[in-house]
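Let's have the full structure, built from the sequences with the hints guiding it.
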Amino acid sequence: MDAKKFIVGTLAGGVAAFLLGWIIYGMLLMKFFEANAGSATGVNRGETDMVWWALILGNLGMAALLTYIYGRWAGIKTFTTGAMAGAMIGLLLGVSYDFIMYATT
1 MDAKKFIVGT LAGGVAAFLL GWIIYGMLLM KFFEANAGSA TGVNRGETDM VWWALILGNL
61 GMAALLTYIY GRWAGIKTFT TGAMAGAMIG LLLGVSYDFI MYATT
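1 is the number of the first residue of the sequence shown in the numbering used here; add one for each residue after it.
Estimated spans, in silico, between C-beta atoms of each pair:
1. G94 / G46: 17 to 25 Å
2. V43 / M88: 24 to 32 Å
3. A37 / A16: 25 to 33 Å
4. R72 / A37: 34 to 42 Å
5. G21 / M84: 18 to 26 Å
In short, the hints are calculated from the structure, not lab data.
In this text, a Cβ means the ideal position worked out from N, Cα and C, and glycines have one as well.
Below you can see the structure in the form of structure tokens.
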């Protein structure tokens, strides 16, 4: 994979991860998380207190990892197969992370 494809994939994936995270966790599941916070009530940062640079770098880092995997090992060549693989890997990563956090916090 050349550098241009890697950069474009990382930026597109970073934006997609940021927007999907906002929609899923910030809108669709917000009430669920508030109702089930348990002893972690009040630990989340408010919008004005968020460390935006860290959030952006985290999304770009995950996108870079997935872009590298798709380009180097998975042999994904089209947008559709990349989107399908991204959705599946994102779902599996999200579900596993959420269950681990639910079990341990």
